Every structure is written in structure tokens, then in C-alpha cells.
Amino acid sequence: MARHQENQDNSSQSGFLFEESTNLQRRRLLATLFRRTCRAISYLLVGMVCYLLWDVFSDGIPWLSWDFLTHYASRLPEKSGIKASLFGSLWVIAITITFALPVGIGAGTYLEELMPEGKLKDLISLNIQNLAGVPSIVYGILGLAIFVRTFNFGTSVLSGGLTLGLLILPIIIIVTRESLRSVPQSIRQAALAMGATEWQVVKYYVLPTSFSGILTGVILAVSRAIGETAPLILVGAVAYIRYTPDSPLDAYTTLPIQIYNWVGKPKQEFHELAAAGILVLLAIMFLINLVAIVLRQRKQKTYI
Amino acid sequence: MDTSQHHYTGTFHSPLSQLTLRSTAPDLVADMSLNHAHAEITDKKNDLTQNLSVETTTTSEPITTGESQENSHTDSLLEVKDVTIHYGQNCAIKSMNLNIESNHVYAFIGPSGCGKSTFLRCFNRMNDLISGFKLEGSIKYRGQDIYSPLVDPVLVRKHIGMVFQKPNPLPTSIYKNIAWGPKINGLKVDYDELVETCLKKAALWDQVKDRLSDNGYHLSGGQQQRLCIARAIAMKPEIILMDEPCSALDPISARKIEELISELAKDYSILIVTHNMQQAARLSGHTVFMLKGEIVEHGPTHQLFSSPKHQLTTDYISGKFG
Chain D
54 MARHQENQDN
64 SSQSGFLFEE
74 STNLQRRRLL
84 ATLFRRTCRA
94 ISYLLVGMVC
104 YLLWDVFSDG
114 IPWLSWDFLT
124 HYASRLPEKS
134 GIKASLFGSL
144 WVIAITITFA
154 LPVGIGAGTY
164 LEELMPEGKL
174 KDLISLNIQN
184 LAGVPSIVYG
194 ILGLAIFVRT
204 FNFGTSVLSG
214 GLTLGLLILP
224 IIIIVTRESL
234 RSVPQSIRQA
244 ALAMGATEWQ
254 VVKYYVLPTS
264 FSGILTGVIL
274 AVSRAIGETA
284 PLILVGAVAY
294 IRYTPDSPLD
304 AYTTLPIQIY
314 NWVGKPKQEF
324 HELAAAGILV
334 LLAIMFLINL
344 VAIVLRQRKQ
354 KTYI
Chain C
191 MDTSQHHYTG
201 TFHSPLSQLT
211 LRSTAPDLVA
221 DMSLNHAHAE
231 ITDKKNDLTQ
241 NLSVETTTTS
251 EPITTGESQE
261 NSHTDSLLEV
271 KDVTIHYGQN
281 CAIKSMNLNI
291 ESNHVYAFIG
301 PSGCGKSTFL
311 RCFNRMNDLI
321 SGFKLEGSIK
331 YRGQDIYSPL
341 VDPVLVRKHI
351 GMVFQKPNPL
361 PTSIYKNIAW
371 GPKINGLKVD
381 YDELVETCLK
391 KAALWDQVKD
401 RLSDNGYHLS
411 GGQQQRLCIA
421 RAIAMKPEII
431 LMDEPCSALD
441 PISARKIEEL
451 ISELAKDYSI
461 LIVTHNMQQA
471 ARLSGHTVFM
481 LKGEIVEHGP
491 THQLFSSPKH
501 QLTTDYISGK
511 FG
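Chains as they are written, first to last, in my numbering: chain D, 54 to 357; chain C, 191 to 512.
I should point out that these hints are in silico values taken from the structure, not numbers from a laboratory.
Certain hints may be false.
Restricting the straight-line Cα-Cα distance to at most 27 angstroms, the calculated cross-link-like pairs of lysine-lysine (DSS-like) are [unchecked claim]:
(1) C:324 to D:172
(2) C:426 to C:456
(3) D:256 to C:426
(4) D:256 to D:318
(5) C:324 to C:391
(6) C:324 to D:174
(7) D:132 to D:320
(8) C:356 to D:256
(9) C:378 to C:456
(10) D:136 to D:320
(11) C:356 to C:446
(12) D:318 to D:132
(13) C:456 to C:446
(14) C:482 to C:499
(15) D:256 to C:373
(16) C:482 to C:510
(17) C:378 to D:256
(18) C:390 to C:426
Beta-carbon label-pair distances, calculated as ranges [said to hold, decoys possible]:
(19) D:68 to C:440: 32 to 38 angstroms
(20) C:399 to D:147: 45 to 51 angstroms
(21) C:407 to D:346: 19 to 25 angstroms
(22) C:379 to D:239: 23 to 29 angstroms
(23) D:74 to C:302: 24 to 30 angstroms
(24) C:404 to D:74: 49 to 55 angstroms
(25) D:318 to C:407: 55 to 61 angstroms
(26) C:338 to D:199: 54 to 60 angstroms
(27) D:174 to C:281: 36 to 42 angstroms
(28) C:319 to D:348: 27 to 33 angstroms
(29) C:321 to D:318: 37 to 43 angstroms
(30) D:338 to C:465: 39 to 45 angstroms
So the derived list for chain C, only partly shown, Cβ under 7 angstroms to chain D, looks like this [claimed, not checked]:
(31) 348
(32) 352
(33) 355
Computed from a prediction, not measured in an experiment: that's the story for all the values here.
In this text, a Cβ means the ideal position worked out from N, Cα and C, and glycines have one as well.
Kindly generate the complete structure, drawing on both the sequences and the hints.
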């Protein structure tokens with residue numbers, strides 16, 4: 054206080070607010086350093102992604118054509134296309150979503166909202182968390198044992214789709230629980246205090262409020278499933294096929310497998326075909342993300 | 191299921207009996223608690239309601255036959271008997287006993303953490319949501335143990351409404367905020383009319399009548415709290431629990447809510463938890479002073495504030511602690 058009074062008469066250019074402090078300078082320096090490091094890392098990552106994209110685009114663009122989408126694979130690069138693998142991928146993803154979405158969101162909702170606390174719940178939660186980190190090849194083995202052999206679905210689209218469904222199930226459950234947890238407790242209390250049952254609370258308020266969070270997670274999980282190769286090789290996706298699946302029990306191939314297959318061939322043209330395939334895969338993912346964004350924004354208008 | 195049906199029809203008569211009482215002696219009920227000379231009137235009222243309740247019980251079959259006969263001599267709206275509450279290992283309420291009569295405002299005061307909110311939430315079983323919550327003893331609502339395993343908490347919450355500390359409108363339109371509760375509970379009423387009367391009772395109608403489809407969150411804090419009160423009224427409860435309903439609001443909004451509460455006290459039994467002793471003095475007929483999970487003193491508000499029997503009460507009221 055005394056100091057303040059001393060400086061009162063001085064002009065506004067001096068005073069204790071204008072004194073130099075080495076401590077503050079050091080803290081400021083650290084802050085700047087931290088900000089610049091973060092910026093450098095993010096630019097580096099964006100740069101790498103841009104380089105990859107440029108590489109793929111420059112190789113793949115010349116090969117992209119309607120023919121590329123409507124022809125089956127061939128030993129002649131100029132006659133090759135991705136019809137079988139494109140349809141196969143769409144089939145697999147459709148089955149994956151139909152299986153994993155209801156089961157995953159249902160399980161997540163039950164675990165988070167309705168299941169009583171206890172050892173069993175802890176055990177299940179821990180297991181799901183571990184399952185989310187299990188390498189995808191392990192799911193391939195699981196799918197081979199359960200769907201291909203035990204259920205006798207054979208090396209079909211159904212086996213592939215269900216295997217990928219298993220793979221993304223833990224992710225969907227975890228994301229669902231996470232989004233449900235972010236719904237404020239006050240909303241649940243409000244609805245319960247009005248004589249709602251637990252299910253009504255979940256159905257009318259908790260799930261709709263957490264809709265966008267769940268959707269984001271599901272999209273991420275589905276994108277992962279689309280790009281997955283290893284487990285599908287195990288459950289018997291074939292590399293060369295000249296027809297599209299007509300039923301869930303048909304043989305199939307998928308885009309990543311087709312790409313993997315082309316990359317392994319010696320001819321340069323096939324490598325460029327692979328790049329074109331990657332572009333199609335990227336386009337599919339982009340489309341799915343777009344749908345998610347549109348849905349999310351439409352929903353956000355009704356719920357804050 | 192059958193028993194709960196009976197239970198429901200049994201309780202349905204009770205608000206009616208109160209209404210008749212109120213129409214015969216409205217002003218008596220209003221300042222019942224303020225005057226010493228009212229003991230006599232209270233007795234008369236007891237007789238009246240008892241007679242009425244005898245009539246109604248003949249038509250319905252109480253669930254807990256043995257116990258309800260035991261308690262038929264009392265006219266308690268809520269009867270708290272030896273209630274002890276634990277959260278895990280933590281004891282929040284220690285063997286509490288309290289009788290709450292209908293048509294009064296009861297204020298619960300005490301320092302933070304004394305268990306008054308916990309206690310309030312017992313009456314509509316909101317504590318059930320908290321893991322590790324355990325209640326011993328019994329709380330009877332019109333002679334029926336609300337913690338009986340045969341009682342569905344949803345039905346309890348239908349009769350005993352609640353207003354929370356922080357305004358918590360549902361993330362939906364103003365209209366649906368009010369109409370949703372009655373709708374899911376299957377009340378056959380004209381919802382437009384219900385929304386209008388509830389909003390009018392909550393002194394909110396004039397401000398929102400042109401934008402009922404707006405989201406409840408777009409209202410100001412005080413308006414949101416009035417919406418929450420309107421929502422509670424819409425369920426036509428007999429009792430409204432209020433957990434510090436003004437503490438998250440600015441003084442002007444708080445004053446409006448307070449006025450609203452004293453208005454509502456004519457039609458509902460109100461149990462209010464408050465930090466604000468002036469508020470307790472202004473609003474309530476009875477005050478319960480709690481400390482560390484126990485009732486230190488309770489009685490008519492004017493008596494508790496003017497001549498407290500307990501030294502701790504004197505200290506708390508005069509602001510020596512808390």
C-alpha cells in the first residue's frame with residue numbers, strides 16, 4: 054500500500070506495474086516455448102498428412118474413372134477395377150453397423166445408467182476397456198473360431214461383418230458410456246422427480262442429449278472397421294473374385310484387401326491402382342463423416 | 191401390482207379431504223402456526239381429517255395393515271421414525287424422529303453438511319440414486335411406509351414433488367417441460383389447460399405465453415426456477431420438497447420465488463431447505479434446526495427464532511457459527 058501511495062504522483066509510465074521481474078520473464082518465456090512447440094508439432098503432423106495425400110492423389114487420380122469403379126479386378130492393370138471390393142466393403146460395413154450399433158449402445162447404456170454398482174460391473178468395465186486395446190488380428194482368430202467354424206457361416210460376408218462388429222463393439226460401448234456420463238445429473242434428477250421411470254429418463258432425455266457424442270464415437274469406430282484388413286484375411290476374405298455378394302453368406306473381398314493385394318504386385322501400374330483404391334476408401338470415410346456432421350448439427354438445434 | 195393399485199386409490203382421497211377442510215376454514219389454516227392460541231383449532235382439524243380418513247380407508251385396503259392401525263391415531267402427513275442414513279461407511283443422519291403435518295411450510299436450517307438436503311431427499315426417494323445409500327427406520331407418508339419394498343419410488347415421486355437448488359429445466363420446450371410428467375404418468379387432462387394453469391400459478395405465464403415452444407434453457411435463472419416449480423405443480427403433488435430453491439438466484443429473482451412459495455403454501459405442504467434464516471423466518475410455520483445429522487430443535491418458527499430452547503440454536507441463529 055505504501056508503495057502504491059509513493060508512486061501515485063509519478064507519470065503513468067513508471068510504477069510497480071512497470072518494474073521488471075525476472076521471475077515473470079522466465080514464466081513468460083516458458084509459456085511462449087510451450088506454445089511454439091505445440092504449434093510445430095501440429096504443423097509437422099498436418100504436413101505429413103498433406104504429403105501422403107499428395108502422393109496418393111498424384112498416383113491415383115489418373116486411374117480414377119467410372120470404369121475403375123465398375124470393373125472387376127484383372128491381371129491387366131488397365132482393365133482392373135474395384136467393383137467386387139467396393140461392394141464387399143459396403144456389405145461388410147452394413148453388417149458391422151447393424152450388429153455393433155444396437156448391441157454397443159445398448160450395452161453402454163445398461164452399464165452406465167441402469168446396472169447396479171458392484172464387483173460384476175467393475176469386472177465387465179475392466180474387460181471392455183482391455184478388449185478395446187486388443188490387436189485386431191486377435192479378433193480375426195476369434196471370428197474364425199466362432200463365426201466361421203462354430204456357427205458355420207463359412208468364409209462369408211456375414212462372418213467378416215460380425216468379426217469387425219466384435220472389433221468395434223468395445224469402442225462403441227466405451228464411447229457411449231463416456232457421452233452418457235457427460236449428461237448433467239440434474240437432467241436425470243429433474244425427470245425422475247417428475248415420476249419418470251429410469252428407462253423413460255434414458256429414452257427421452259439422456260440418450261438424445263448424448264446423441265452427438267455417441268455418433269462421433271460410432272463414426273470413428275466404423276471408419277476404423279472400414280480400413281481393417283488383418284482380421285478379414287483370417288476369416289477368409291478372398292483376394293480375387295469376379296462377382297459381388299448377393300446374400301450375407303456369399304464370398305467377398307474388401308477395399309483394404311484389394312489395395313493390399315495390388316501393393317504386393319511387382320508392376321508399377323498396380324501400385325498406382327492401389328493409390329486409386331485408397332482414394333475411393335478415403336472418399337467413403339469422408340462421406341460417412343459428412344453424414345455424421347449433418348445429423349449432429351440437426352440434432353443440436355433441439356438439444357443444447 | 192394389485193397392492194400398489196390399492197395403495198394408489200387410498201392416497202388419492204387424501205388431498206380431497208384437505209380441500210374440504212380448507213374451504214370450511216381457509217384463514218385458520220393460513221396463519222395456523224403463527225399463534226399460540228391455535229392449539230385448539232389444530233385439534234379440531236385433526237378430528238376433521240381423521241373422520242374423513244376413516245371414511246376413505248373403508249373403501250381402500252392399506253398395504254401394511256398391522257402398522258397402519260397402530261398409527262391411525264396420528265394425523266401426520268409424514269412420519270419419520272428412527273431414521274438413520276448411511277452413505278457407505280459415512281453416517282449422514284442419526285436416528286431422527288419427526289412428525290410433519292399437512293398444510294404447513296416446514297423449513298430445515300443448519301450449517302452446510304448437516305444433512306438437511308439428504309433428509310429432504312429421503313421423502314421422494316431421490317437418494318436411491320446415490321450408490322451406498324442405506325436407510326434404516328421408516329418414513330411414512332399418510333401411514334404408508336415409502337421405503338417398503340412393495341412401494342415403487344416412481345409413485346412416491348408422483349405424490350411428492352421436488353424443486354432443486356439449481357434450476358434444472360429439461361432440455362426441451364417450455365410446454366413439454368410441464369406436460370411431460372403428467373403425460374408419462376397417464377394423467378388424463380387437457381394439457382394445454384394444465385400448462386396454462388401451472389404457468390399462471392408459477393407467475394410465469396405472462397412472460398412465456400407467446401413462446402411455449404422455446405427451449406426451457408433460454409429463460410433467465412429466475413424464470414427457469416419458476417418453470418421448475420410449475421413443472422412440480424403440474425403433477426398435482428400433495429407435498430413439494432424444495433432444496434434451497436433460491437440460493438442459485440440473484441436477490442430479485444429469489445424474492446419473487448419466495449413470494450411464489452408463500453402463495454403455493456396455501457395449496458401444498460412445503461418442505462424447504464434453506465441456508466437463509468430470514469427466508470426460513472419469512473416463509474415457514476415450523477422450523478427444524480439440524481446439526482451433524484441430528485435435529486437439535488424444532489418447533490413453530492416464531493418460537494424457535496424468538497426463544498430457542500437450546501444453546502446451539504441460539505448460537506446458530508445469532509450467527510456465531512454456520
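Hints breached by this structure: 4, 5, 23, 26, 27, 29, 30 and 33
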